[in-house]
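Enquirer: Sequence:
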Amino acid sequence: MELLRNLRLLIFTFILFLAFNNGTAADIKGLGVPYVQNYTKHVYQSGNQNWAVTKDENGIMYFGNSEGLLSFDGRYWQLNRMPNHLIVRSVAADGKGRVYAGGFGEFGYWAYNHKGRLAYHSLTRLLPAGFTLKDEIWKIYVDGDRVLFQSFASVFIYHKGKISVLEKGGPFFFLLKADSRFFIKSMGKGFYEIKSNKLVNIPNSELLDNTEVLCILPFQKGKYLIGTAKKGLFIYDGVSIKPWENHANGFLKTYHLNNGCVVMNRYFAFGTILNGIVILDQAGRIVQQINKSSGLQNNTVLSIYSDNEQNLWAGLDNGIDRIELNSPLYFYFDKKGDLGTVYSSIIHQSKIYLGTNQGLFYSDLQNHGSDSFQSFDFKLIPGSQGQVWDLSLIDGQLFCGHNDGTSLVIGNTLKKISSVSGGWIIRRLNSNPNLLIQGTYNGLAVYKKGPDGKWEFSHKVSGFSEPSNYVEQDAKGQIWVGHAYKGLYKLQLNSDYRKVVSFRYYGSNNGLPGSYHLNVFNLENRVVFSSDSGFYIYDDISNRFSKYNHLNRGLGSFAFSNKIIPAAARKYWFINHGKVALVSLTEPGQIKVDSSSFTILDGRMVQYYENISRINSSLYLISIDDGFAIYDGNSINVNAYNAKSLPRVLIRKFENITYGNKLISEAAGLDITEIPYNRNNVRISFALPYYRQAKIRYQYYLEGYSSQWSEWSSQAAKEFTNLGNGSYTFKVRAIINDRTISESASFQFIILPPWYLSKWAYFSYLLLHIALFLILRRMYFYNIKKHQERLRKKLQKEKEEQLRQEAIINEQKIVKLKNEQLQADLESKSRELTSSAMNIVYKNELLQKIRDEIYGLKDSSGRKLGADQLKRLDKVINEGLNDERDWNVFESSFNETHENFFRKLKSQYPELVPNDLKLCAYLRMNMSSKEIASLLNITLRGVEIRRYRLRKKLNLEHDKNLAEFFMQL
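Under full-length UniProt numbering, think of the first position of the sequence shown as 1, with each following residue one higher.
Since the hints were made in silico from the structure, they are not lab data. None of these values were measured; they are calculated from a predicted model. Possibly wrong hints are sitting among the right ones.
[Said to hold, decoys possible] As a list, the in silico BS3-like pairs of lysine-lysine whose alpha-carbon atoms are at most 25 Å apart:
id	residue 1	residue 2
1	41	335
2	454	351
3	221	177
4	351	335
5	904	918
6	799	785
7	875	849
8	864	849
9	476	499
10	449	460
11	592	547
12	177	230
13	96	162
14	871	849
15	115	960
16	416	449
17	930	875
18	230	242
19	460	416
20	592	579
21	662	731
22	189	168
23	292	230
24	930	952
25	134	177
26	454	416
27	904	960
28	134	162
With the hints as constraints, model all of the structure from the sequences given.
Expert: As structure tokens, this is what we get:
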């Protein structure tokens with residue numbers, strides 16, 4: 001039985017593998033639906049209905065909208081209105097710069113003029129004289145150098161500037177093109193081909209009578225596929241028309257086929273009025289069905305178009321949708337909300353299981369062929385109501401971890417094997433492969449394999465009861481448990497795994513950044529720990545955690561992932577809070593991160609409960625909020641363009657933003673644009689016409705302003721302010737998914753010089769310079785004359801000044817001579833004064849000696865002279881000593897030498913008496929006390945007494961020298 005079950009699993013996996021890998025990798029998959037991007041009318045800001053779709057040579061998409069011609073370049077939408085605001089029913093790009101458009105009573109083309117503005121040119125003026133167009137233009141086709149316009153009444157052929165009208169044969173349904181042939185169905189009977197501008201009836205076309213032919217597509221060599229409104233599909237082989245038996249006929253008849261196109265050169269996509277789009281292969285099998293329940297905005301497909309990037313565009317009755325037919329991701333959405341939020345999903349034994357917050361649902365996988373479209377009919381497994389946390393396939397047995405316990409899933413039934421609440425995660429023990437360990441709400445549970453090979457509950461581990469969101473066993477057999485809010489636990493179990501022998505809690509004290517959002521995973525047989533600060537590893541020796549720097553650096557932003565899920569060999573899914581990346585560790589020392597392929601999934605998974613299960617080596621089932629996605633790793637990566645195959649970046653709007661936003665050009669680069677200097681602030685918008693889901697960033701360089709290319713940025717516009725006058729060349733390029741760089745686009749514009757640097761300004765400057773030259777010349781000669789006059793006056797003045805200076809010098813010499821003479825006279829008088837004073841001193845000293853000698857004289861008898869004699873002699877001597885004439889002579893000489901000395905003394909010190917003045921004069925001459933005593937005819941003691949008294953009268957301090965005082969007076 002086990003062998004049979006494994007064989008069935010192998011066969012089913014092989015069928016799934018074929019479903020995604022049959023033929024070439026560019027096949028359309030039948031499991032799930034491709035990614036559908038919705039453009040609502042609120043996005044493109046125009047009318048609901050979109051009647052036609054085309055793409056020009058630059059990659060710009062054009063839509064015939066109910067409000068006009070709508071264009072989209074991958075970034076910006078723009079609406080251009082037809083005359084009288086007509087509805088645009090048909091559009092066609094000729095690949096040469098023109099987009100033809102038609103509406104009621106009007107047709108023509110749109111093209112950019114020399115100013116870069118998209119302008120409309122009506123062609124109805126070229127209609128034959130007397131012909132009036134009174135109905136809608138429903139179809140437009142470009143055929144070489146001619147263009148065909150079709151209304152219900154007529155077909156108009158525009159060729160070499162003239163319009164001719166096809167011979168009457170109407171009224172018609174629609175003109176249809178297949179390869180280079182044109183077919184048209186008349187209302188009622190008649191099916192025609194246009195040859196040489198004539199209607200040629202196609203024989204044996206009676207099967208198409210009384211029905212609308214709405215599309216004709218190239219089928220196989222020499223054959224065409226004809227789509228009708230209510231009769232299904234037919235094949236025309238050039239001779240006869242026969243019904244084509246296929247799986248979609250009933251669908252197309254019921255839901256009213258409306259249009260069709262060839263996809264990838266081997267599929268046929270048909271839009272319907274009532275139920276979206278169906279895609280068939282050449283064998284007539286339905287490979288894909290896309291409607292409102294699977295992603296379309298509306299089930300009424302008014303127009304359909306397949307571009308060269310394998311995008312299928314649908315113009316709807318309400319909106320525009322783009323379908324990525326060759327996307328590696330296909331989806332299933334629970335639009336009705338019957339399933340709830342999906343937490344886990346898996347494929348097992350021809351069934352797909354979804355574990356949700358409402359229970360476990362399943363759907364049988366049909367096997368109608370490797371390319372057939374798979375529809376789903378999910379049903380709730382009885383008894384599974386409630387929260388399903390985990391679906392794990394181990395040894396061919398499917399475990400369901402549920403809020404109420406754990407069960408084995410067998411087909412569409414559950415076999416409960418454990419009542420332990422909350423089976424979050426289950427892992428095989430590395431130390432004992434016959435045991436499983438499960439993290440639950442309140443600790444750990446262990447399962448063992450029974451004798452029949454079936455897994456069964458063994459026991460609950462005692463000694464630990466914390467909620468266990470994540471469980472991993474390391475190389476030493478220790479169990480690591482991650483708690484969502486309390487950090488990490490390291491457990492050591494006993495030999496039979498029944499009891500926790502020891503456990504230790506780890507948090508911020510052990511090198512971890514905190515206690516919240518710490519999870520544990522096995523990466524390349526090594527236990528790693530995720531956190532909001534990056535990945536950590538544990539060191540047994542130091543018993544601490546440290547950052548896993550090599551891994552963190554290689555992962556970039558995904559270093560902060562909250563979950564790791566094993567993928568293929570040495571490949572892992574990293575989930576960073578809603579963002580997904582597939583990381584390859586296949587090359588030693590290198591970490592390759594692919595996140596751009598999964599941007600569609602951003603925010604679609606249940607945070608902290610993300611689930612991805614592996615189907616085979618390249619297929620993965622990814623749980624999303626309201627369904628699941630299937631990723632095929634073998635799909636051709638259409639994002640892997642080389643630079644030459646990538647579209648060129650389009651430089652779109654060129655605006656002046658100096659005073660508000662003024663549009664200069666809608667398609668910059670057609671002509672060199674000139675901008676006035678006073679409006680030198682501009683904004684340049686650009687876009688890459690690449691429509692698939694990808695990470696697109698831009699880099700620009702303004703030659704003449706920048707010195708190097710800018711940093712890569714997702715911004716698709718750049719403003720430049722206060723540009724100087726001169727010529728500028730703006731260059732821009734794009735990079736897709738940080739891998740492929742497009743060729744750069746460029747355009748040139750000129751900032752005109754300001755008015756004061758214009759040609760007229762330069763001419764005015766020339767005239768001004770000439771006038772200024774003449775004025776300056778006249779002023780020059782005038783200044784020379786004035787200068788010469790000034791020089792003459794200056795010379796005269798200098799001469800006079802020289803004479804005056806000479807006079808002053810002579811006068812100074814005379815004064816100097818006089819001063820020298822006066823000084824000499826003064827010195828002479830001073831010497832005379834000194835000599836006079838000394839003579840008086842010598843005279844007084846001589847008289848004193850004579851007196852002394854007289855008192856010592858004796859007569860012959862040896863007796864002294866008589867008293868009378870001595871008295872007479874003494875009187876004569878005293879008269880000589882006190883002779884006022886000596887003082888008068890001295891005073892006269894002193895006054896001549898020291899002018900105003902006595903007058904100053906008397907004015908400042910009026911209490912001085914004549915003897916004081918004499919003492920002052922002698923002190924002024926710096927005479928000694930002995931000399932003063934001789935002059936005053938007093939003793940030395942008397943001189944000291946007088947000096948003391950004089951000091952008091954002068955109020956001089958004791959240490960003040962009297963001689964110095966009088967010298968300074």
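Enquirer: Confirm or reject each hint.
Expert: Here is how each hint holds up against the structure:
no.: 1; hint: 41 x 335; in the structure: holds (21 Å)
no.: 2; hint: 454 x 351; in the structure: holds (20 Å)
no.: 3; hint: 221 x 177; in the structure: holds (16 Å)
no.: 4; hint: 351 x 335; in the structure: holds (21 Å)
no.: 5; hint: 904 x 918; in the structure: holds (14 Å)
no.: 6; hint: 799 x 785; in the structure: holds (21 Å)
no.: 7; hint: 875 x 849; in the structure: holds (14 Å)
no.: 8; hint: 864 x 849; in the structure: holds (17 Å)
no.: 9; hint: 476 x 499; in the structure: holds (17 Å)
no.: 10; hint: 449 x 460; in the structure: holds (15 Å)
no.: 11; hint: 592 x 547; in the structure: holds (20 Å)
no.: 12; hint: 177 x 230; in the structure: holds (20 Å)
no.: 13; hint: 96 x 162; in the structure: holds (18 Å)
no.: 14; hint: 871 x 849; in the structure: holds (16 Å)
no.: 15; hint: 115 x 960; in the structure: violated (107 Å)
no.: 16; hint: 416 x 449; in the structure: holds (15 Å)
no.: 17; hint: 930 x 875; in the structure: holds (23 Å)
no.: 18; hint: 230 x 242; in the structure: holds (15 Å)
no.: 19; hint: 460 x 416; in the structure: holds (16 Å)
no.: 20; hint: 592 x 579; in the structure: holds (16 Å)
no.: 21; hint: 662 x 731; in the structure: holds (22 Å)
no.: 22; hint: 189 x 168; in the structure: holds (15 Å)
no.: 23; hint: 292 x 230; in the structure: holds (22 Å)
no.: 24; hint: 930 x 952; in the structure: holds (21 Å)
no.: 25; hint: 134 x 177; in the structure: holds (24 Å)
no.: 26; hint: 454 x 416; in the structure: holds (12 Å)
no.: 27; hint: 904 x 960; in the structure: holds (19 Å)
no.: 28; hint: 134 x 162; in the structure: holds (20 Å)
In this structure, the one hint that does not hold is number 15.
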